[in-house]
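Protein chains in written order, with numbering that gives the first Met the number 0: chain F, 0 to 272; chain Z, 0 to 261; chain H, 0 to 352.
Among the clues, some could well be false.
Unchecked claim - Interface residues of chain Z toward chain H, partial, derived using beta-carbon atoms under 10 Å:
# : residue
1 : Thr89
2 : Arg95
3 : Leu98
4 : Ser99
5 : Met102
6 : Leu166
7 : Arg183
Note that these hints are calculated values from the structure, not bench results. For every residue, glycine included, the Cβ atom is placed at its ideal position computed from N, Cα and C.
Listed below are the residues making up each chain.
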Amino acid sequence: MNNRLHILLVLPGVLLVVALLVAPLYFVFLDTIPDLEHPFSLYEAFLEKGFHQKIIIRTIRVALITTMICVILAYPCAFFIARYARRFKAVLIVIAVFPLLLSPVVRSFAWMAILGKNGFVNDLLLFFRIIQEPVQMLYTEGAVIVGLTYLFLPLMILPLVGVIENIEEDLLDSAKSLGAKDIIVFFQIILPLSASGLLVGCILVFTGSLTAYTTPRLLGGDQAMTLSTLIYQNAMTLFEWDAASVIAIIMITLTILVMKIIGSLATRMNPDV
Amino acid sequence: MKRSGLVLIVSILLVYIFLIGPLVIIGFSGFNESEFLDFPPKVYSFRWFFRIFESDMFVSAFQTSLLISVLGATGALLVGLPAAYSLSRTRAKWRRSVLSLFMSPVIVPGVVLGFALLKHVVIALDIEVWTGMVMGHMLIMLPYVIRVIVSSLSNVPIEIEEAAVSLGCSNTHAFLIVVLPNIRSGILAACLLAFITSLNDGPVTIFLTGPGVTTLPIQMLSYVEYYFDPTVSALSVLLMLLTVAIMIVIESTMGLSFFTKK
Amino acid sequence: MEFLKLQNLTAAYDQEIVLKKMNLEVKQGELLSLLGSSGCGKTTTLRIVSGFLKQREGSVFLEGQEISKTHPSERGFGYVFQNYALFPHLNVEDNVGFGLKQRKVGREEINKKVFEMLDMVDLAAFAGKRPLELSGGQRQRVALARALAISPRLLLMDEPLSNLDAALRIKMRMEIRRIQQEHNISALYVTHDQEECFSISDRVAVMNEGLIEQLGTPEEIYSSPATSFVARFVGFENFIHGILENRGKKLWFAVEKGGISIPISESSIPDKSSVVLALRPDGLELRASESRKKGIPGKVKVATYLGKGYRHLVETELGELIADTKDEVFAAHTNVILIPNSESIILLPIKNE
Numbered sequence: 000m001n002n003r004l005h006i007l008l009v010l011p012g013v014l015l016v017v018a019l020l021v022a023p024l025y026f027v028f029l030d031t032i033p034d035l036e037h038p039f040s041l042y043e044a045f046l047e048k049g050f051h052q053k054i055i056i057r058t059i060r061v062a063l064i065t066t067m068i069c070v071i072l073a074y075p076c077a078f079f080i081a082r083y084a085r086r087f088k089a090v091l092i093v094i095a096v097f098p099l100l101l102s103p104v105v106r107s108f109a110w111m112a113i114l115g116k117n118g119f120v121n122d123l124l125l126f127f128r129i130i131q132e133p134v135q136m137l138y139t140e141g142a143v144i145v146g147l148t149y150l151f152l153p154l155m156i157l158p159l160v161g162v163i164e165n166i167e168e169d170l171l172d173s174a175k176s177l178g179a180k181d182i183i184v185f186f187q188i189i190l191p192l193s194a195s196g197l198l199v200g201c202i203l204v205f206t207g208s209l210t211a212y213t214t215p216r217l218l219g220g221d222q223a224m225t226l227s228t229l230i231y232q233n234a235m236t237l238f239e240w241d242a243a244s245v246i247a248i249i250m251i252t253l254t255i256l257v258m259k260i261i262g263s264l265a266t267r268m269n270p271d272v
Numbered sequence: 000m001k002r003s004g005l006v007l008i009v010s011i012l013l014v015y016i017f018l019i020g021p022l023v024i025i026g027f028s029g030f031n032e033s034e035f036l037d038f039p040p041k042v043y044s045f046r047w048f049f050r051i052f053e054s055d056m057f058v059s060a061f062q063t064s065l066l067i068s069v070l071g072a073t074g075a076l077l078v079g080l081p082a083a084y085s086l087s088r089t090r091a092k093w094r095r096s097v098l099s100l101f102m103s104p105v106i107v108p109g110v111v112l113g114f115a116l117l118k119h120v121v122i123a124l125d126i127e128v129w130t131g132m133v134m135g136h137m138l139i140m141l142p143y144v145i146r147v148i149v150s151s152l153s154n155v156p157i158e159i160e161e162a163a164v165s166l167g168c169s170n171t172h173a174f175l176i177v178v179l180p181n182i183r184s185g186i187l188a189a190c191l192l193a194f195i196t197s198l199n200d201g202p203v204t205i206f207l208t209g210p211g212v213t214t215l216p217i218q219m220l221s222y223v224e225y226y227f228d229p230t231v232s233a234l235s236v237l238l239m240l241l242t243v244a245i246m247i248v249i250e251s252t253m254g255l256s257f258f259t260k261k
Numbered sequence: 000m001e002f003l004k005l006q007n008l009t010a011a012y013d014q015e016i017v018l019k020k021m022n023l024e025v026k027q028g029e030l031l032s033l034l035g036s037s038g039c040g041k042t043t044t045l046r047i048v049s050g051f052l053k054q055r056e057g058s059v060f061l062e063g064q065e066i067s068k069t070h071p072s073e074r075g076f077g078y079v080f081q082n083y084a085l086f087p088h089l090n091v092e093d094n095v096g097f098g099l100k101q102r103k104v105g106r107e108e109i110n111k112k113v114f115e116m117l118d119m120v121d122l123a124a125f126a127g128k129r130p131l132e133l134s135g136g137q138r139q140r141v142a143l144a145r146a147l148a149i150s151p152r153l154l155l156m157d158e159p160l161s162n163l164d165a166a167l168r169i170k171m172r173m174e175i176r177r178i179q180q181e182h183n184i185s186a187l188y189v190t191h192d193q194e195e196c197f198s199i200s201d202r203v204a205v206m207n208e209g210l211i212e213q214l215g216t217p218e219e220i221y222s223s224p225a226t227s228f229v230a231r232f233v234g235f236e237n238f239i240h241g242i243l244e245n246r247g248k249k250l251w252f253a254v255e256k257g258g259i260s261i262p263i264s265e266s267s268i269p270d271k272s273s274v275v276l277a278l279r280p281d282g283l284e285l286r287a288s289e290s291r292k293k294g295i296p297g298k299v300k301v302a303t304y305l306g307k308g309y310r311h312l313v314e315t316e317l318g319e320l321i322a323d324t325k326d327e328v329f330a331a332h333t334n335v336i337l338i339p340n341s342e343s344i345i346l347l348p349i350k351n352e
């Protein structure tokens, strides 16, 4: 079939995405440079405020810590599911997928109930007399990190399971037959061969944490704001649309930057990915 | 190996307790008689489930969510199906760029997308709240629809269409009677995935709500900020059941292994 | 008048030209094979004839009528695909009846024709099965029945047997040949398998780099390949460069270095021209060097057992040569004499490239 027909078929979709995504984003970008002689004046004004700087740094820090925790928790898990779980494999994957499909509001609300003043954790600590009075855990950076880890852990586990599954057993056996110890096998063979899944997981978790809205709003509140809650506040409560536009561009830039950096890591570690 | 194996199993257990525990706690608290979210509940009851249906707040929000999802998914399917077909059949140079264009609604942060839509489409063109909402949801569903249908079409070799054509079908007719029946389950899975994306969306939707038009997650979001009672727990239980039902259908159509691939 | 005529066909994907001004004629009731390795243009030719691919230049005539502009659905050709391309959602009966249904044939007539076809391929008992429930060989036969159900003017087959195992391939190619001859169907058959091609075809076109290297009956091509490409394809393993010399009554093939000469029975190639001498491994007789026979001296590098005999790789002044023996085997490092059997020798002109 000819090229013209194929173009005709994708055209409505392309027009939709251009009209509802590309064009609006382009206009948001234009909004942030109203004055061509001082193109960065709005950005400078925004970044001058220490409050804003703090939020940017917190957002990146939270995303970074969340990603690291997810890697540490997900690796043994994915390794187990892919290699040893056998008949529990399907169940374990289903349990990992389930929260992913569940509303983020529900998932964050669960942690509100757990971390709240009268929540499960405080009850437990009081019961064992570790603390005398309920501790404030909600509306802190820690709460946001826990919530985001909970939100995104499956996104790290699943791609890792995918790649570890594809490492052939023969390869590990041959390494062992050549005398490699388990730990060597892990670092020399499993880690490099699962790097592509790891990096996919990192991109998903990092960009996801960087831009999540529901979790920081419910678990961080006004005390531990991130860029997403800040943009909402500026746009919808303060009507500071210039600032909101600046945040929008910063968020997109950060997202693209993270994807580029991790992506280039991927090509460096494994050229054929 | 034995000790490292034990460490492995304990760490898996902890991770899975972390994954399931919060949902169990929420599940129990939905059946709690008391006003508080204490765990485990002392007295069980269904009162909070009745509460959901007593007030119009959640019911009408769910209806709105449903309507927006259905309209958005229909739109996304109408636009996405031909595009997915074309993308899976063409070898032209523009294929890659168009595919990444279609995936961009997943990459652009939700709040940014919502803000841009609000400012430069809904307000700039003075569009009704309803229309804006449906357009926004159509946009966020499109990547899922296209991705699932493209992967489903990759299992339908082009030779099948050519066989139909060589036997006397026109190209369009071949698509309708040979290709479509073979991607039915893919289309169903695409719709369900799109539906659940739309139903769960917070960041894009929160910018597009307006007087009388609120979706379920947004309603829940503002509710839990003011009232901290088991109503939302009970609602969560219902949403979990819905999710389970959708997972069962996705499993029987696409297979859940879909999620471990990319 | 020829039944199917391809005239000056040129085809290209993007910049890459895959068919260069190709000409070919197929007679009524004839099975003509396009033989060649992947990328030679054989499938491209078939796709142009079927109409799925547009040629850049040239024309396709069917019974004298130009059909290049006819939509593939209106050409009425049967097409058997390499992967069979059965409709997974339809059972065998509906697959075979598909083409007739498109032609708005009455239900009873479809039914009659479908079972006639299924009887022909011996699958009537499987009419209600889905393609996924069938074995590879059964699917292949359904594909053939489906293509033949529309009583095609021309049958096109693209590597139809390549997904079957060896024993089934041999059985199926006899089936295809039988059906094609019984129904007097004109057919174009694409394959890369020389043996399969020879066993099934009336004529064979050996293709290479978008051109037909040789067109002829299987016997002609097997016994007298016209180019070294074709010779290689039909089992010639030894190629020696040299000059043809007329010394008195006899013709000799002389190699420049080493002073080795080989007597030639006859040749149409003019005297003093450079030629390539080609031999199959069984055209070289292998003798122990003590035998004092005249021939090419050499040393065995490797000997392997083939089942029907032994194959030797022999290092000689003329390069490595391959020679087969029936029951005598010469161990590695043995000095031997290679004696070309003049009956088996083929002389090929050197192409000016």
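Hints, verified against the model:
no. : hint   : verdict
1   : Thr89  : 13 Å, violated
2   : Arg95  : 16 Å, violated
3   : Leu98  : 20 Å, violated
4   : Ser99  : 22 Å, violated
5   : Met102 : 26 Å, violated
6   : Leu166 : 3 Å, holds
7   : Arg183 : 9 Å, holds
Comparing the model with each earlier hint shows violations of hints 1, 2, 3, 4, 5; every other hint is respected.
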